[in-house]
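For reference, the chains in residue letters:
Protein chains: 2
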Amino acid sequence: MEQKEALAKLAELQKKLYAYQAADSALYLDGTTVAPKDTAEGRGVALGILAGERHKLFSAPEVGRLLDFLWERKDELDQLRCRQVEELRRSYAQLTRIPADEYMEYAVLTNEASDVWHRAKERDDFELFRPVLEKLVAFNVKFAGYYDSTKLPYDALLNEYERGVDMAYLDQFFSTLRGRIVPLLRAVMEKEQPDDSFLRRRYPAESQRKFSDYLMEVLGLDRAHCGIGETEHPYTLEFNNKDVRITTHYHEEDVGNSMYSVIHEGGHAKYELGICDEVQYTCLAGGVSMGVHESQSRFYENLIGRSLPFIRAIFPKMKEFFPEQLSDVTAEQFYRAVNKVQPSLIRTEADELTYCLHVMVRYEIEKQLIGGTLAVADVPAAWNRLYKEYLGIEVPDDRSGCLQDSHWSGGAFGYFPSYALGSAYGAQMLKNMEGEMDVWGPVSRGDLSGVSGWLGEKVHQFGGLLEPADVVKNACGEFDPAVFAEYLEKKYADLYGL
Amino acid sequence: MEQKEALAKLAELQKKLYAYQAADSALYLDGTTVAPKDTAEGRGVALGILAGERHKLFSAPEVGRLLDFLWERKDELDQLRCRQVEELRRSYAQLTRIPADEYMEYAVLTNEASDVWHRAKERDDFELFRPVLEKLVAFNVKFAGYYDSTKLPYDALLNEYERGVDMAYLDQFFSTLRGRIVPLLRAVMEKEQPDDSFLRRRYPAESQRKFSDYLMEVLGLDRAHCGIGETEHPYTLEFNNKDVRITTHYHEEDVGNSMYSVIHEGGHAKYELGICDEVQYTCLAGGVSMGVHESQSRFYENLIGRSLPFIRAIFPKMKEFFPEQLSDVTAEQFYRAVNKVQPSLIRTEADELTYCLHVMVRYEIEKQLIGGTLAVADVPAAWNRLYKEYLGIEVPDDRSGCLQDSHWSGGAFGYFPSYALGSAYGAQMLKNMEGEMDVWGPVSRGDLSGVSGWLGEKVHQFGGLLEPADVVKNACGEFDPAVFAEYLEKKYADLYGL
Numbered sequence: 005m006e007q008k009e010a011l012a013k014l015a016e017l018q019k020k021l022y023a024y025q026a027a028d029s030a031l032y033l034d035g036t037t038v039a040p041k042d043t044a045e046g047r048g049v050a051l052g053i054l055a056g057e058r059h060k061l062f063s064a065p066e067v068g069r070l071l072d073f074l075w076e077r078k079d080e081l082d083q084l085r086c087r088q089v090e091e092l093r094r095s096y097a098q099l100t101r102i103p104a105d106e107y108m109e110y111a112v113l114t115n116e117a118s119d120v121w122h123r124a125k126e127r128d129d130f131e132l133f134r135p136v137l138e139k140l141v142a143f144n145v146k147f148a149g150y151y152d153s154t155k156l157p158y159d160a161l162l163n164e165y166e167r168g169v170d171m172a173y174l175d176q177f178f179s180t181l182r183g184r185i186v187p188l189l190r191a192v193m194e195k196e197q198p199d200d201s202f203l204r205r206r207y208p209a210e211s212q213r214k215f216s217d218y219l220m221e222v223l224g225l226d227r228a229h230c231g232i233g234e235t236e237h238p239y240t241l242e243f244n245n246k247d248v249r250i251t252t253h254y255h256e257e258d259v260g261n262s263m264y265s266v267i268h269e270g271g272h273a274k275y276e277l278g279i280c281d282e283v284q285y286t287c288l289a290g291g292v293s294m295g296v297h298e299s300q301s302r303f304y305e306n307l308i309g310r311s312l313p314f315i316r317a318i319f320p321k322m323k324e325f326f327p328e329q330l331s332d333v334t335a336e337q338f339y340r341a342v343n344k345v346q347p348s349l350i351r352t353e354a355d356e357l358t359y360c361l362h363v364m365v366r367y368e369i370e371k372q373l374i375g376g377t378l379a380v381a382d383v384p385a386a387w388n389r390l391y392k393e394y395l396g397i398e399v400p401d402d403r404s405g406c407l408q409d410s411h412w413s414g415g416a417f418g419y420f421p422s423y424a425l426g427s428a429y430g431a432q433m434l435k436n437m438e439g440e441m442d443v444w445g446p447v448s449r450g451d452l453s454g455v456s457g458w459l460g461e462k463v464h465q466f467g468g469l470l471e472p473a474d475v476v477k478n479a480c481g482e483f484d485p486a487v488f489a490e491y492l493e494k495k496y497a498d499l500y501g502l
Numbered sequence: 005m006e007q008k009e010a011l012a013k014l015a016e017l018q019k020k021l022y023a024y025q026a027a028d029s030a031l032y033l034d035g036t037t038v039a040p041k042d043t044a045e046g047r048g049v050a051l052g053i054l055a056g057e058r059h060k061l062f063s064a065p066e067v068g069r070l071l072d073f074l075w076e077r078k079d080e081l082d083q084l085r086c087r088q089v090e091e092l093r094r095s096y097a098q099l100t101r102i103p104a105d106e107y108m109e110y111a112v113l114t115n116e117a118s119d120v121w122h123r124a125k126e127r128d129d130f131e132l133f134r135p136v137l138e139k140l141v142a143f144n145v146k147f148a149g150y151y152d153s154t155k156l157p158y159d160a161l162l163n164e165y166e167r168g169v170d171m172a173y174l175d176q177f178f179s180t181l182r183g184r185i186v187p188l189l190r191a192v193m194e195k196e197q198p199d200d201s202f203l204r205r206r207y208p209a210e211s212q213r214k215f216s217d218y219l220m221e222v223l224g225l226d227r228a229h230c231g232i233g234e235t236e237h238p239y240t241l242e243f244n245n246k247d248v249r250i251t252t253h254y255h256e257e258d259v260g261n262s263m264y265s266v267i268h269e270g271g272h273a274k275y276e277l278g279i280c281d282e283v284q285y286t287c288l289a290g291g292v293s294m295g296v297h298e299s300q301s302r303f304y305e306n307l308i309g310r311s312l313p314f315i316r317a318i319f320p321k322m323k324e325f326f327p328e329q330l331s332d333v334t335a336e337q338f339y340r341a342v343n344k345v346q347p348s349l350i351r352t353e354a355d356e357l358t359y360c361l362h363v364m365v366r367y368e369i370e371k372q373l374i375g376g377t378l379a380v381a382d383v384p385a386a387w388n389r390l391y392k393e394y395l396g397i398e399v400p401d402d403r404s405g406c407l408q409d410s411h412w413s414g415g416a417f418g419y420f421p422s423y424a425l426g427s428a429y430g431a432q433m434l435k436n437m438e439g440e441m442d443v444w445g446p447v448s449r450g451d452l453s454g455v456s457g458w459l460g461e462k463v464h465q466f467g468g469l470l471e472p473a474d475v476v477k478n479a480c481g482e483f484d485p486a487v488f489a490e491y492l493e494k495k496y497a498d499l500y501g502l
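Protein chains in written order, with our numbering: chain S, 5 to 502; chain L, 5 to 502.
Watch out, some of these pointers could steer you wrong.
Said to hold, decoys possible - Where chain L lies over chain S, by a calculated footprint (3+ residues, C-beta under 8 angstroms):
| id | stretch |
| --- | --- |
| 1 | 11 to 22 |
| 2 | 31 to 40 |
| 3 | 232 to 245 |
For the record, the hints were derived by calculation from the structure and aren't laboratory data. This structure is a prediction, so every number in the text was calculated from the model and none was measured. Just so you know, even glycine gets a beta-carbon here, dropped at the ideal spot from N, CA and C.
Input sequences plus hints: build the corresponding full structure.
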């Protein structure tokens, strides 16, 4: 094989993987947005087969030989190709270490688990979900060994979502945070709460749709390349850097819900749309890690979207969409309302301060589940105990407790910490940004181009060209969770007059 | 290879083909409904690769060996498997007779041609489309030889869309029709025309959307398995018999447009949803031919949807959706308006009587184009001459002339006759149905269950289990185009007092 031929095969392989991903995405997008309700079966058949075809394509021995051939000549490759081969070798090694029958069995299990979890949550019946969760945990422990047998199982899983992150790192990260968030929360809870009742007036979906269009415009999302749909749970889906979709869900009695979904998912979309053309249709396309992705979504959602300058900037226009609902509300009141701190049960609805505590509960439980020190049957009790300990609240039922999130039913263990890491990365990016340019002047005029430009240069453009840790370093410098804690302390001191 | 193993492989092959088709459909559906406007490129990349993968899968020599192995044992197979093998052998032979490089070249060409045609139509510039059309014709002539070298090229192409149909058959069919439609049209045009101006009052899209929901309910389309979307050109797309989508386009100044699109596409959907479970995820899933499909869509659209009993049944409800627009209109007036005969330029907007004349123009031109007796450069002149001859009207420009339809740009030559055949099949089905049951009593009460039940039993359930000609025979008896002519003569004699 000549190098030129090998490189052509490398490009072809990646384009094929892209095509299978696009097919999967289109079916998923359809299934969650417009598909009629009783059509999951046929879609499941197609998705299962396409996953199998993709697996067969990528796990073929000749792919291994191709990657080895190129890796031996890596000094002759440009950086782009070199990174592609490195990434593909990693994925190939991981995929081929999982026996094909276990891989298929697991695919069937996660497909079934999603259904079972939905029903269990609906009926508030953890026992229904328990056997499936046991199997999922067992599979993940086994797979962790395939991923990296030199690591403890949970470390191996964490590494899948945020390369370079492990329990030692996270224990310290979370303990720093907890040590500062818990007393801060206690102080806040002793203060008078702002009135946020006006958020729950009736905001018609039709007006909210128009408001979403406006928010996307403020975020600088090009509608020729970024669509918006409606799903039960909001998400962002990227086909490529010219085609990204976000979704939201309109709650007519809660204007902040979709508003911050759109800004959050919009942040993910900014990232994907900002990735350079050079990596498109390769394994380096797409955001580099979950943590970095969440740093962008939560940057727009919280650091910008829940800031007073931003709210002041958009509030006059917002009043045009909701003239009656907001007639007696000022930008400052709105700002205080959307930053109201309230320990609560549901992570996705949590305020910026308590959010990380929700993540910590899941982290502690996953650590023990995968580590083998917590039986699946004991998850509800552990969950409820930790909510009491971290957030000071009683969990009334498993539906709003350990059954609330879909992640485990999808087989994702080790994913949750990315949410907290992303928040912390973001705060440090903001600090650096403030050191380099005037952030708040333009934002207070509704102009996010400077912010987006900075993030585009430091984060977005690279896609998978850099390692996650290098992207973080590039935008944050040496990562220090204290910066996030300081940000929170300052913000809530101002808000609550501490 | 054991027979059991071979049958398992047969099922697996067909499920894979289904999965690729589902992927293609999901991407197409997305691209034509909700995808942001500048996202075609990445979707094109994915579609091209998936088409290549599907081609590679199906044209592999082991597939040929598998099919041969089973065909040699066809006496031991049940009818279902036997038909599958027969159909797959036919497709396999056809596919493998096309050299892979020509197949891929053609895929690239049709992809490009669609773009060029769009631009040419927009600019009314046939010369822009001409070179592409020349290539498309040349490819189709060559492919016709691959399909069946014993047939004349256009006969081979016709056979692809409606097996068993050829020029000898169609020449007689069209000449019978033309001989009766042209004088009928002449007689009609001498009569006073009904007032149809109220169809062009303003009918807001939002009310039309609700009206569509109502129409789908009347058609008995189960919304848990049948969705509706909005596209520039209406179509029906089936994933399987539990998941079908129709689309429509709302013209606010033309209430009949979307109304009859919904009923037409609804007819296609009824067919797909009525196909038996046994053939799902096999090559026998889906309607058996274009002609039979059109017989169903045009049955609901014209024979039922444009009948007085049906309009009387739905009109009270229709007035609720459009109270102001229809306040001074009776069901009878509406019936006459949507059946107004008016020779016109655009096939898709043609009335039921002149529709077949539009099809005949395309048939004559295709016959000569593929037969080599008409140069592509002479298509506009031939087109305009035939519109004058058959419909008595002048074609002002190619945009509303030979550039109006997308079919040729997609490489479809031999497809158009299916539309006329379907209309004629439908008329004969109605005659038989009337002989066996009370059609119009229930329809006049808005109850289509009897009609749908009859079609379900005689046509829908079989999918590809029977040959197209056998389905036609099953529902029509011996096909006789005179039945369609008689239907038209009777209908328009009543309408126009001939």
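The hints, checked one at a time:
1. Counting residues of the stretch 11 to 22 of chain S whose CB lies closer than 8 angstroms to any CB of chain L gives 3, so the stated coverage by that chain holds, three being the minimum.
2. A stretch counts as covered by a chain when three or more of its residues have a beta carbon under 8 angstroms from one of that chain; for the stretch 31 to 40 of chain S and chain L the count is 7, and the coverage holds.
3. Judged by the Cβ-Cβ criterion of 8 angstroms, the stretch 232 to 245 of chain S is covered by chain L as claimed, because 3 of its residues qualify and three suffice.
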